[in-house]
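Given the structure of chain C, go ahead and fit chain R onto it with the hints provided.
These protein sequence lines map, in sequence, to chains C and R. Per numbering that gives the first Met the number 0, the very first residue in the first sequence carries number 0; after that it's consecutive. Per numbering that gives the first Met the number 0, the very first residue in the second sequence carries number 0; after that it's consecutive.
Treat the hints with caution; some may be incorrect.
Note that the list lumps identical chains together, so a pair holds whenever it fits in one copy or between two copies.
Only pairs whose alpha carbons sit at most 25 angstroms apart, straight line, appear in this in silico SDA-like list of lysine to any residue [what the hints assert, rightly or not]:
hint, residue 1, residue 2
1, 110, 131
2, 130, 48
3, 33, 205
4, 131, 38
5, 110, 86
6, 110, 37
7, 130, 120
8, 131, 47
9, 131, 118
10, 131, 114
11, 131, 46
12, 131, 119
13, 110, 88
Source of the hints: derived by calculation from the structure; they are not laboratory data.
2 protein chains.
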Amino acid sequence: MLTLYYAPGTCALASHLALEITGAPYEAVRLDFKLQQQRSPEYLRVNPRGRVPALVTDRGVLTETPALLQYIAQSFPAAQLAPLDDAFLLAKANEFNSYLCSTVHVNHAHKGRGYRWVEPDDTAAIEAMKKKVPQTMAESFAQIEEGMLQGPWVLGERFSTSDLYLYTLTRWLEGDSVDVNRFPRVADHMRRMEARPQVQKVVALHS
Amino acid sequence: MLTLYYAPGTCALASHLALEITGAPYEAVRLDFKLQQQRSPEYLRVNPRGRVPALVTDRGVLTETPALLQYIAQSFPAAQLAPLDDAFLLAKANEFNSYLCSTVHVNHAHKGRGYRWVEPDDTAAIEAMKKKVPQTMAESFAQIEEGMLQGPWVLGERFSTSDLYLYTLTRWLEGDSVDVNRFPRVADHMRRMEARPQVQKVVALHS
Numbered sequence: 000m001l002t003l004y005y006a007p008g009t010c011a012l013a014s015h016l017a018l019e020i021t022g023a024p025y026e027a028v029r030l031d032f033k034l035q036q037q038r039s040p041e042y043l044r045v046n047p048r049g050r051v052p053a054l055v056t057d058r059g060v061l062t063e064t065p066a067l068l069q070y071i072a073q074s075f076p077a078a079q080l081a082p083l084d085d086a087f088l089l090a091k092a093n094e095f096n097s098y099l100c101s102t103v104h105v106n107h108a109h110k111g112r113g114y115r116w117v118e119p120d121d122t123a124a125i126e127a128m129k130k131k132v133p134q135t136m137a138e139s140f141a142q143i144e145e146g147m148l149q150g151p152w153v154l155g156e157r158f159s160t161s162d163l164y165l166y167t168l169t170r171w172l173e174g175d176s177v178d179v180n181r182f183p184r185v186a187d188h189m190r191r192m193e194a195r196p197q198v199q200k201v202v203a204l205h206s
Numbered sequence: 000m001l002t003l004y005y006a007p008g009t010c011a012l013a014s015h016l017a018l019e020i021t022g023a024p025y026e027a028v029r030l031d032f033k034l035q036q037q038r039s040p041e042y043l044r045v046n047p048r049g050r051v052p053a054l055v056t057d058r059g060v061l062t063e064t065p066a067l068l069q070y071i072a073q074s075f076p077a078a079q080l081a082p083l084d085d086a087f088l089l090a091k092a093n094e095f096n097s098y099l100c101s102t103v104h105v106n107h108a109h110k111g112r113g114y115r116w117v118e119p120d121d122t123a124a125i126e127a128m129k130k131k132v133p134q135t136m137a138e139s140f141a142q143i144e145e146g147m148l149q150g151p152w153v154l155g156e157r158f159s160t161s162d163l164y165l166y167t168l169t170r171w172l173e174g175d176s177v178d179v180n181r182f183p184r185v186a187d188h189m190r191r192m193e194a195r196p197q198v199q200k201v202v203a204l205h206s
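Same shape as in the complex, but just chain C (with noise of 0.2 angstroms):
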C-alpha cells in the first residue's frame, strides 16, 4: 500500500493521478496548507522539507514531483504511463517534468512564496514579483504551445506522465491571469484531459 500527502491546488495532483490511472493500491492523505498542516512535526517526519506531493512505500518516502511520476510508471507498467523501453523517449518525458518543475513551476511561486528569495517584510520586492507572473507564465506555456506539446499529447501519440503534469499545472494559469485560450494546443489538451473520468474522480478530491 502506497500513501500519498496532497494538498488541494498543488503539483501533487499529478501524482495523484498517476496513482489513480496506474491502478496502484493506495491512500491519499489531504493536508490542510491554511492550518500550516505541512509544517507539523508529524508531516516533517514524512518529508522534513514541508511540501507535498510525498509518497510514503515500504521501502521509505518520496519526494519531487518527477520523481513520483517516474517511480509510479516503473512500478506499475501496465498502464504504460512511461516509455520505459526506449531511452530517447523517456528523456523526453523527463525533460518536459524537468523543465514544468525547475521553471513553470518557479515562475507560478514568485505569486505565492515570493518570501522564499527575499526577507519576507520587504513587500515592495514581493509584489514586484507577483506582477510579473501572467507574463513568465504566458512565456512559458508558449514555448510548450510551441513545441514541447508535440499534440495530441505531450509525447506525440504516446499518453504518458507529462500530460498528467501538464495538466496541473495548466489548471494554474486562471489563478495566474494567464486566459488558456491564448494556448489552443493546450486548451485543447485540458479538455481531452478533463474529459477522462478518472481526472474527474481526482481533480474532484482537489477542490
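Quick look at chain R alone, frame taken from chain C:
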C-alpha cells in the same frame, strides 16, 4: 556521436562528467555566455530556450540536466551511473536531482538572474534577491548535509548521477558566499570527487 553544448560555471558540468565517466562517444562545444552565444540564431535552433546543457543525439536534442543524466546512464549502462534495475533507488536519485534543479539551482539563480522574475530595471528587488542567496543556499545545503546525502555517496554506497550533480552545485557555494566547510559531509564529498582524474579533466575544460 553525441554533442554536448556547455558553458563554464553552469550545471552543464554534471552532464559533461556523465559523458566522460560512462565513456560515451561525444564532443563538447563550449559557448561563451559573455558573448551571449546562447542567444545566437544558430544556438536557438539547437535549444529554443537558450540555455545549456543541450545534448544533440541522432534522434533529436535533449535538454534539462535531470533528463540528460538519466539518458546518459541508461544509454551507457556498463558504467552503472544509475540504479536502473531498482525503481525505488532510481526514484531516490531522481528525487535528489529534482531537488537540485527545482530548489537549489533556483536559489542560486536569484543571484545573477533575478531579472527573470521581476522587471529588469527594478534594481531594488533584484538586489533584495541577491542578498538572500547565501541564506537560501545554506538552507538547501543543510537539507543535503542532514539527510539527503546518505554518505559516502548521495545514494549511500552506490555512486550515481546524483554525485555528479551535487558536486556541480557544491562548486557554486564559494561564489554564493557560503563556506562549504559548514557542511562537513558535503565538503568531504567534494574532495572525493576532485580526487578523480576524470573529474579533474572535465573541470579543467570548464574554467
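Item checked: Violated hints - listed by number, lowest first -> 5, 13
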